[in-house]
Amino acid sequence: MAATDDFKALLLQSWYKLSDSALEKQLDCDILFRRFIALDISESVPDHSTFWRFRQKLDNLMFMDKLLQEINSQLIDQGLYIKSGGISIVDASVIEAKQCRPKDKDEQSTQNPDVKWNVKAGSDGKSESTYGYKAHINVDVDEDGLIKSIGYTEGNVHDSNCFTELLDGEESSGYADSAYSSKQHSECWMIEILITEALSSKNTI
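Quick note on UniProt numbering: the sequence shown kicks off at 1 and runs consecutively.
Treat the hints as calculated values from the structure; they're not laboratory data. You may find that some hints are simply not true.
Stated by the list, open to error - No more than 27 Å apart at the CA atoms, straight line, and that leaves these computed lysine-lysine pairs for DSS-like:
#	residue 1	residue 2
1	K25	K8
2	K66	K126
3	K57	K116
4	K8	K126
Unchecked claim - Beta-carbon label-pair distances, calculated as ranges:
#	residue 1	residue 2	range
5	L11	S49	13 to 21 Å
6	K66	W15	13 to 21 Å
7	I71	S172	16 to 24 Å
8	A179	D142	30 to 38 Å
9	D5	Q69	32 to 40 Å
10	N161	S49	25 to 33 Å
11	R53	Q74	22 to 30 Å
12	W117	K57	19 to 27 Å
13	K17	D142	44 to 52 Å
14	K17	S178	17 to 25 Å
Cβ atoms here follow ideal geometry from the backbone N, Cα and C, with glycine treated the same way.
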């Protein structure tokens with residue numbers, strides 16, 4: 001696969017919140033997924049390790065945001081996308097890496113030392129553990145949900161640590177869950193204040 005097709009595969013992964021192995025399986029059975037990344041029906045699907053290696057390379061070179069900015073700029077120039085007026089939705093999702101999960105939680109993956117355990121409270125109040133990376137995403141609030149910026153970290157990195165880096169400097173307000181409030185407020189309007197404060201500090205640098 002060409003690098004552009006690998007990048008398209010990562011977009012599918014972000015949109016549908018798929019793990020690397022789930023992305024591989026989806027490409028194997030979904031003709032629309034194959035068509036999107038220009039993978040012929042007769043071609044073999046890349047191994048799941050291909051995706052995390054490519055994702056890691058983009059992240060190390062800090063190319064992901066540059067690629068997204070170029071794509072968004074072309075969409076705007078061609079009239080295919082109209083900005084919603086600086087309103088963002090910021091969130092994080094775990095990309096599971098079950099294929100390299102160690103048997104013991106205290107052990108480190110020998111296949112990829114960058115993946116880590118993520119523990120959070122579930123809807124029933126009980127702790128839920130997942131093993132993998134985290135994708136931290138800033139999307140436009142419009143119905144198309146255009147990705148404005150994205151970053152990848154180890155699975156145990158707290159969402160709020162990546163908040164400021166996700167902002168593009170044009171937000172006037174936004175939506176996020178309580179994980180993005182430094183004081184752990186649950187009210188959505190408190191998150192909006194946090195976005196404004198983060199932008200103010202970013203613009204003074």
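Outcome of the hint check:
A threshold of 27 Å between alpha carbons decides the hint, and for K25 with K8 the separation of about 16 Å falls inside it, so the pair holds. The hinted pair formed by K66 and K126 fails the criterion: a straight-line CA distance of about 39 Å is larger than 27 Å. Under the criterion of a C-alpha separation no larger than 27 Å, the hint pairing K57 with K116 is consistent with the structure, at around 18 Å. Taking the CA atoms of K8 and K126, the gap is about 36 Å. The hint is violated against a cut of 27 Å.
One distance hint, 13 to 21 Å for the beta-carbon pair L11 and S49, holds here, with the actual separation near 19 Å. For the hinted restraint 13 to 21 Å between K66 and W15, the CB-CB distance of approximately 19 Å keeps it satisfied. The hinted range of 16 to 24 Å is satisfied by I71 and S172, whose Cβ atoms lie roughly 23 Å apart. Between A179 and D142, the C-beta spacing of about 23 Å breaks the proposed range 30 to 38 Å.
The hinted range of 32 to 40 Å is not satisfied by D5 and Q69, whose Cβ atoms lie roughly 20 Å apart. At about 27 Å, the CB distance of N161 to S49 agrees with the hint of 25 to 33 Å. A hinted range of 22 to 30 Å for the beta carbons of R53 and Q74 is consistent with their spacing of about 27 Å. About 24 Å separates the C-beta atoms of W117 and K57, a value consistent with the hinted range of 19 to 27 Å.
In this structure the hint that K17 and D142 lie 44 to 52 Å apart at CB is violated, the actual value being about 19 Å. K17 and S178 have their C-beta atoms about 20 Å apart, which keeps the hinted 17 to 25 Å range intact.
This entry does not satisfy hints 2, 4, 8, 9, 13, going by the numbered hints stated previously.
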